[in-house]
Amino acid sequence: MKLRFPTILRIGILVLLIVFLVRPEWFEPVFRPLTQNNAPVIYNQGSLLTLTLLHLRTVAIATAGATIVAVALAILVTRSFGVEFLPLSRSLVNIGQTFPPVAVLALAVPAVGFGEKPTLIALFLYGLLPIFENSLTGLTTLPPTVTDAARGVGMTGWQRLLKVELPLAMPIILAGIRLSVTINLATATIGSTVAAKTLGEVIIAGLQSNNLSFVLQGGLIVGVLAVLIYDGLSAIESFISRRMGLLQQS
Amino acid sequence: MIEIENITKRYGAATVVNNVSLVVEPRTVTVIVGTSGSGKTTLMRMINRLVEPTSGIIKLDGEDNRTLPGYELRRRIGYAIQGHGLFPHRTVAQNIAVVPELLSWDKARIDGRVSELLSLFQLDPETFGPRYPHELSGGQQQRIGVARALAAEPNVLLMDEPFGALDPVIRSKAQEDLLAIQKRFGTTIILVTHDMEEAIHLGHKIAVMDGGNLLQYATPAEILANPATDFVATLVGTGDRPFRFLSLSPAGDAVEPGNAEGEAIPASATQRDALAELLWSGRPALPVVNDAGKAIGRVTVEGLVKRASRPAA
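Chains A and B are the protein sequences, given in the same order. Under our numbering, the residues of the first sequence are numbered 1 to 250, in order. Under our numbering, the residues of the second sequence are numbered 1001 to 1313, in order.
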């Protein structure tokens, strides 16, 4: 495979990110102009690498949970026995999306305490909608000749779901997961307001001490992570779609 | 043998198939012809229970088709549809292997069967096996669709407008291939089409459906000679009738003793082809040769024209 410019650029950015997380002090000259009164330039209240990994872990757990619940719901309401639950499921995930994560945090803290738990709940609810709606679209817009053939060759309901319907809906479901991950990577930062260990700590520390350099470091890491993960998942989707001939081969 | 007894299908107030009975002899091709909305596809889909009848019984080799669960029944019956319905996320080989895998054949047997079928359809297993359906032409996709339907060696093959999406040249090739395969495996084929030409060409028997009713169930010759209703007559097409009639029999059956000049026609060609050749070349008679290339007589314009006229009822 020939490496094209965008690929090289992404690899470059990834390398830069890793170097920054492991040796942030090397970048001191870059951020120096953003600080005043001899304030520390590089975040010094913990390891950026640890915070990044914890941030990713929080998002991964919340998205995994949201994926399981949203896809399971979408499967349920597309079976003949579950059609009645479609409006109910839709309202539930819509509420999850419209309820502001900050409000969820405020409500969850008294119930489950400070730390990672309220953040996970907020992100889980916030991530449901894109995955659910995409899974629903994916499972209801399958080519009719293919679903007919799947019945005609003698597959049972489970076999049709696992061997035909889910694989064919996979690119669209993945697109939902990608959206959800991207939104949650950014949203996870507010978890630090309730003492969850995320990159939000860096931003909040910067805001509290009026240190623009801290804010920028936290924001940049989150932003770069979001872009790279978004692109990575897009690449997986288009690989699957291309193999099925849904996209023109480039 | 497939016995359809008093089959009716209603959707709410609409009767889609109305009290249809017919018997399909084993190892024959039966074509169900009708316009869209005639109930022909619904009738066929009740055989493998993709549609459950409202009333009536369908027996396969004497056994009620409701004795097995639907999915097990369908694994025993080949099913090929218009637009092939291949699984786009699976390779050609995996598509053909679907039913044998559902039946838990061992891997060696499945691989052998896939190669055999691909070769049978003139597709090189090494080249085409690993490809994905979208990398094939329309004609190749259609052949893979039929190969998949035949993979588990079913006694019965159901085909829903299998050649509908093909261009005329590929279409007639596909029809010839189907007839050859039917002869080779002795499969009982039920094929649904709206094309009477195709029905006459492929069918040992033709069932004509309209508005959910079975209008006539007879051999092509009988349908051409004595259409049961005006609708059947319209479907047959009065203008083409004599030529379609001639297309049913080989030139060998019309041979008269004697000699003729010019290029010969094989005895296996249809009488329609023979007449066409006579008219086009402006000759009064053609020599006929058998498979070995030996002259066995001649066919004449006069003789063929006589055969094209309506048989006495």
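Be a bit skeptical, because a hint or two may be false.
[As the list claims (entries may be wrong)] DMTMM-like mimics (lysine to aspartate or glutamate), calculated; alpha carbons at most 25 Å apart, straight line:
#1 A:Lys163 - B:Glu1256
#2 A:Lys163 - B:Glu1135
#3 A:Lys163 - B:Asp1061
#4 B:Lys1205 - B:Asp1106
#5 A:Lys163 - B:Glu1101
#6 B:Lys1205 - B:Glu1222
#7 B:Lys1059 - A:Glu25
#8 A:Lys163 - B:Asp1291
If you're looking for bench data, these hints aren't it; they were derived computationally from the structure. Computed from a predicted structure; not experimentally measured.
Indices of hints not satisfied (ascending): Hints 1, 3, 4, 7, 8 are the ones this structure does not satisfy, whereas the remaining hints hold.
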